[in-house]
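Participant: So the chains spell out like this:
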Amino acid sequence: MKQDIFKISSSSSTLRRRLAPWCILAIPMACTIWLKYYPIFNAFYISLFKYDPINPPGKFVGLENYIGMFQMQYYWEAWKNSFVFLALQLSMCFFIPLIQALLLNELIKLQKCLTTLYILPALIPTSVNIIIWKWIWHPEYGIANQILNFFGCQPQAWLSDPNLVKFCIIFPGVLGGGLTVLLYLSAIQRISSDILESAALDGCTGFSKIIHIILPNISFMISIQAIMCVITTMQFLDAPYMYASGGPSGASTTQGIFIFNAFNQDLNYGRGSAASIILLLVIGILTLIQMHFEKTEKE
Amino acid sequence: MNKNKIKCDFSERLLKFCAVFFSLLFAALMLYPLIFAFSSSMKDNAKIYDIPPKLLPDAANSISVVLDYSDLNFMNEEEMKDVMMQDNISTMFGLNYKLADSSIMEIHVYGTYKGKTVFHSRAHQMKLQMERDYGIYASSAIKSNVLLHGDRYKRACESIGYTFDTNGLPLSVPTGLENNFFNDVSHILSEKYPLNGSLVSVGNKIKNILNLESFKYYLQMPSYIYPESEHIAKYGFMTFVINSIIVIGFAMIAQVILCSICAFVISRLLSRKAGNFVLLFFMGAMMIPFASIMLPQLIMYQKMGAYNNYTALLLPFLYPYGFYVYLYKGFFDKIPSSYFEAASLDGASNLYLYTKICMPLSKPIISLIALQTFIGNWNDFFWAWMVTEDQNLWTLNVALYNISNNMGTKQNALMGLSIVTITPVILLSILFSRQLKQSIIASGVKE
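Chains A and B, in that order, give the protein sequences. Residues are numbered in the numbering used here as their position in the first sequence, beginning at 1, plus a constant of 100. Residues are numbered in the numbering used here as their position in the second sequence, beginning at 1, plus a constant of 8.
Mixed in with the good hints there might be a few duds.
Facing chain A, a subset of chain B residues (Cβ under 7 Å, in silico) [unchecked claim]: (1) ALA293; (2) ILE296; (3) PRO304; (4) MET415; (5) GLN419; (6) THR429.
Here are the simulated distance ranges between beta carbons [as the list claims (entries may be wrong)]: (7) A/PHE250 <-> B/ASN216: 25 to 31 Å; (8) B/LEU288 <-> A/LEU381: 53 to 59 Å; (9) A/ALA126 <-> B/PHE30: 39 to 45 Å; (10) B/VAL154 <-> A/ALA257: 32 to 38 Å.
It should be emphasised that the hints constitute simulated quantities derived from the structure, not laboratory data. Where is the CB? At the ideal position from N, CA and C, for every residue including glycine.
Could you put the whole structure together from the sequences, leaning on the hints where they help?
Facilitator: Shown next as structure tokens:
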């Protein structure tokens, strides 16, 4: 159809027509390069130098920043922390929205108002969440220790305890909710009613319906969400920083906080940039895996 | 067959029951922190430390202290006022300090002289608390001589507010109140805070609305903590609300306009191949994780002078987000091409096609993009936190984080500010829940 329009126009204006879209796109594309792509190349450039902020870029050191970083125990601990966060996230929180969506699907009257309720956690800012949960984890006045007390256990230091801090940061997610519930729910509701009806005729109802019919049909959504969960947990930054500033004794330092500390505390721009590049590569690979998944599903 | 049916009925019913039960359980668990925050925000400074924490705040007491000055001889009006102001401050801060556990949320002080009410002052507990924590009596002991040192009591009285008239004020001393506190109050005042006037009566009554009045003072609290910032001193917590509105409003407008232009070009003017290339270009930019870009971005912005000003907060939104371009493109592709052909034959320009055909049709997608931008970015913290040193620039998230890190801030005030922050969002999301759900679902469904 579009070709027809072009044919009608005279040949002199053809060039103008071809160029026009690129002229319009030039500004947004330039902005994107300037604000997003350029900093990444800049990060790689800085990572090759012993960066001196006063007269940049300082001394060229090649890959020394990377090598030095890989020899740091603190750097590997940050990765380890990221993976512990990931393991906790996957084991404690990942399935909750799925369960909530499966249960919501069975409801009729309550569904509308409960879905609205489930969106709310996504709209509550992290700082508010943290104010509330820091108070819940408070060693003296918090509810967490009151509950432990009630069951006759020893009170814990929670956020000040290096062994528990990761658990404390991940735990608020156990309450579930968020946008994922809605995504699962819409995926469940898109399963064709033919399948469900024929399954019902075969006597496949109740929990067996969920296990044999619904779950296999939304497995695509679950795998996408799993990869999304991995990607977001690798980038974990706001919550660990706001709960414990990466502490106590580095127990909640993630990659993001490592980069920030390299820049903010050690003033080592080169190392921070090197860590940025490595993180970018890891997340890039994960994103490619995700795209591959989506592509195979389309076909 | 029949047996099978009964069995399946049973399993279906069990599932339904589980669904209702667990969904409600989840809902209750999810609401609990919010309800807890709300009730904490209405407790007073002593009750938030109750162990175990109570879910409901205590009843709020309002007490009225009546002091009589008929026995004293005053040289002039000024002296009389001065004496009454001194007594007023001693009474208020003394009782606020010594009777902290009694849930006294409001103190009225009446001064009478020869049968006329000549002095009245009224303070809410939070007001007194703020003066003690950050204001005139910051880091000072609550003792009689400290309270009345220099002209402090005058400034405190001005800040709290009072009325004084030797001809008698048009209000009478309240009567018919309960009398639970008289012994305590007379004991405290005679021992620790000697007054010039004589204590006549101490009435008290329950007035639960006072618990809600605390919010008024929570909103003013930032102006006490950061008195050197002019905007905050003037507007209090609203400064941060306005900053957040500026940032998120700019983000929404920028995304709606930029993405629609890009999508229009991709969908209508470019060939399929070139369009996909441009789309991939924009999508790639969006997938760069913030954690790995924040450092080079900060270095670049600092070099440009975009640091500690609005430019630094707003500039990151000035490029089209690839995903929104994608959503727009999906929508524009569905507009029948006959519209465009007809207009093109009449010699319409691209600008005309965009403003007169695309935009009027795309109201649903505009609201979707605006909502998406809101959901995705109103929670942004780290960037805004990194680039703002000036308190006047803080967004809500940054301000709440910094206020919560301020050791002196009491938990009830923090919870109160949190509630103030989330209430409008919760109300709006309930109001627009249908559009919100649609936009979330649309964002997850990539055909």
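Participant: Could you run down the list of hints and mark each one as holding or not?
Facilitator: Each hint, compared with the structure:
The beta carbon of B/ALA293 comes within 4 Å of a beta carbon in chain A, closer than 7 Å, and the hint placing it at the interface holds. The interface hint given for B/ILE296 holds, since its Cβ lies 6 Å from the closest Cβ of chain A, which is under the 7 Å cut-off. Residue-level restraint check for B/PRO304 holds (minimum Cβ-Cβ distance to chain A is 4 Å; threshold 7 Å). Interface restraint check: B/MET415 against chain A, minimum CB-CB distance 13 Å, threshold 7 Å, status violated.
Because the smallest distance between the Cβ of B/GLN419 and any Cβ of chain A comes to about 6 Å, under 7 Å, the interface hint for this residue holds. Of the supplied interface hints, the one on B/THR429 holds, with its beta-carbon coming within about 6 Å of a beta-carbon of chain A, less than 7 Å. For the pair A/PHE250 and B/ASN216, the supplied restraint of 25 to 31 Å holds, since their beta-carbon distance comes to about 30 Å. Between B/LEU288 and A/LEU381 the CB atoms are about 19 Å apart, so this pair departs from the stated range of 53 to 59 Å.
The hinted range of 39 to 45 Å is not satisfied by A/ALA126 and B/PHE30, whose Cβ atoms lie roughly 54 Å apart. A C-beta distance of roughly 37 Å is found between B/VAL154 and A/ALA257, which places it inside the suggested range of 32 to 38 Å.
The structure fails hints 4, 8 and 9 (numbered hints given earlier, in ascending order).
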